[in-house]
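Visitor: Spelled out from the first residue to the last, the chains are:
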Amino acid sequence: MSFVSRGFRGRRRDHADPARVPPGQYVTSDFPVLSAGPTPHTALERWDFSIRGEVDEPRRWTWEELQSLPAETVTVDIHCVTKWSKLDTVWTGVSVDTLLEEVETSAEFVVAFSDGGYTTNVPLEDVTGGKAWVAYAYDDEPLDPEHGGPARLLVPHLYFWKSAKWVRGLELRDDDEPGFWEGYGYHNYGDPWREQRYWGD
Amino acid sequence: MARAAVLGRLTWRLGTVLELVDETPRARSIVLEVPEWPGHRAGQHVDVRLTAEDGYQAQRSYSIASAPEDDELVLTVERLEDGEVSSYLVDELRPGDSLELRGPVGGFFVWEAALGGPLLLVAGGSGVAPFRSIVRHHLAVDSDVRLRLLYSARTLDDVLYRDELDRLAASHDVDIRLTLTREWPDEWSGYRGRIDGALLAEVAWPTDARPLAYVCGPTAFVETAASALVDLGHDPGRIRTERFGPTGGPS
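Quick note, the sequences are listed as chains G and A, same order.
FYI, my numbering numbers position 91 of the first sequence as 91, with every residue one higher than the one before it.
FYI, my numbering numbers position 169 of the second sequence as 1169, with every residue one higher than the one before it.
Treat the hints as calculated values from the structure; they're not laboratory data.
The beta carbon of each residue, even a glycine, is placed where N, CA and C say it ideally should be.
Don't take every hint at face value.
Stated by the list, open to error - 25 Å max Cα-Cα, derived SDA-like pairs, lysine to any residue:
id	chain 1	residue 1	chain 2	residue 2
1	G	LYS83	A	THR1016
2	G	LYS83	A	ALA1220
3	G	LYS83	A	VAL1017
4	G	LYS83	A	PRO1218
5	G	LYS83	G	VAL27
6	G	LYS83	A	THR1051
7	G	LYS83	A	ASP1091
8	G	LYS83	A	GLU1092
9	G	LYS83	A	ARG1079
Stated by the list, open to error - What the simulated footprint calls covered on chain A by chain G, stretch by stretch (three residues with Cβ under 8 Å from a Cβ of chain G suffice, anywhere in the stretch; the number is not a length):
id	region
10	1048-1059
11	1081-1093
12	1098-1112
13	1232-1243
All chains, please: the whole structure from these sequences, using the hints.
Guide: In structure tokens form, the structure reads like this:
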């Protein structure tokens, strides 16, 4: 690269291991919030999680039923397309593998859908094999509504808009349907390590 | 949900700084000439990338404060405490410098006449930047959509675009309401205190008018204002939010 911003030295004082920070990201200890609309508040007794679409039969779990499934606690790094990364975040929830255990499907794609109308799309193989969770606790505390509570999808290897807040289910599909931000010019796949922020990246 | 038109790749461009306008002691507007700027819609943002001599780079997003109809691209940047990029843009950048950016980005937090209204813009602090774009666009296209801007700032000295907002308020083209949260002049005739349900109940368009509301500011501000609008009976599907800043509280 030839361009240099006159007088810019940069801080570069991040103590983080550079191998853990994707290109164009900076490490923060805050937990910033990005949402397109107001934070929805759904009562837990009315909350459920569904799997629908190209499946042998739709599945549905109430809040209590989800809580009774085997939980995993994972420590992962997360990367937001607005440039912040947060390392070693600790989440508890149910692996998507567990939810899909008994599901027969020919689908190759998933659209996660949420309260408030938000959607995001991911290939099925990116939410299976120990790569994604429906998380309901952060740092051992119930997940704050601002950050997607009562439950959000957690797909830490993709930009964080793929980790749908206020998630209510997964629609399995044969075709790849762009979600909310994907329809507004954000990258269809969103790999932070390839800096896939926007269409064409 | 409307889909954006198919876009080309967002390429990095070099803009030239034409002018720097001190808006407040902590914020300034960067007036840029960007060759082959593809145009933008009111409310969109850009990514700015700084590069040090050793190749180190840092990127951040900034709202566009100019209207699509304006000749130049304007970004307004507030210096954040310990802000690596914002401190460079506010303190170091000079006229004649080049600035690398790409965009426009974001297609949801935009307003254009076809979206209608009535329009309610709720700004906290430097969250007013994209609303300058929307207000200017509204005037440029001579929209008859009713527009009201409610803007919360700490003190009068923290108000961005104060002269422009005063002029607009005096012209009655748009309805501009200011609230000051920390201190205010003795003769202050605007609102006092933070934006809450009571103030929004007074200022927001009636819910049966089905206003289209845009809320922009620090996370806590947006949470409060957007939730208060929902509690007042506004349709969550007609409230668009943009949250920014080093906020969200420590984890």
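Visitor: Hint by hint, note whether the structure agrees.
Guide: Right, here's what the structure says about each hint:
| no. | hint | in the structure |
| --- | --- | --- |
| 1 | G:LYS83 <-> A:THR1016 | holds, 24 Å |
| 2 | G:LYS83 <-> A:ALA1220 | holds, 20 Å |
| 3 | G:LYS83 <-> A:VAL1017 | holds, 24 Å |
| 4 | G:LYS83 <-> A:PRO1218 | holds, 16 Å |
| 5 | G:LYS83 <-> G:VAL27 | holds, 9 Å |
| 6 | G:LYS83 <-> A:THR1051 | holds, 15 Å |
| 7 | G:LYS83 <-> A:ASP1091 | holds, 22 Å |
| 8 | G:LYS83 <-> A:GLU1092 | holds, 22 Å |
| 9 | G:LYS83 <-> A:ARG1079 | holds, 17 Å |
| 10 | 1048-1059 | holds (count 10) |
| 11 | 1081-1093 | holds (count 4) |
| 12 | 1098-1112 | holds (count 8) |
| 13 | 1232-1243 | holds (count 6) |
Consistency note: the structure conflicts with none of the earlier hints.
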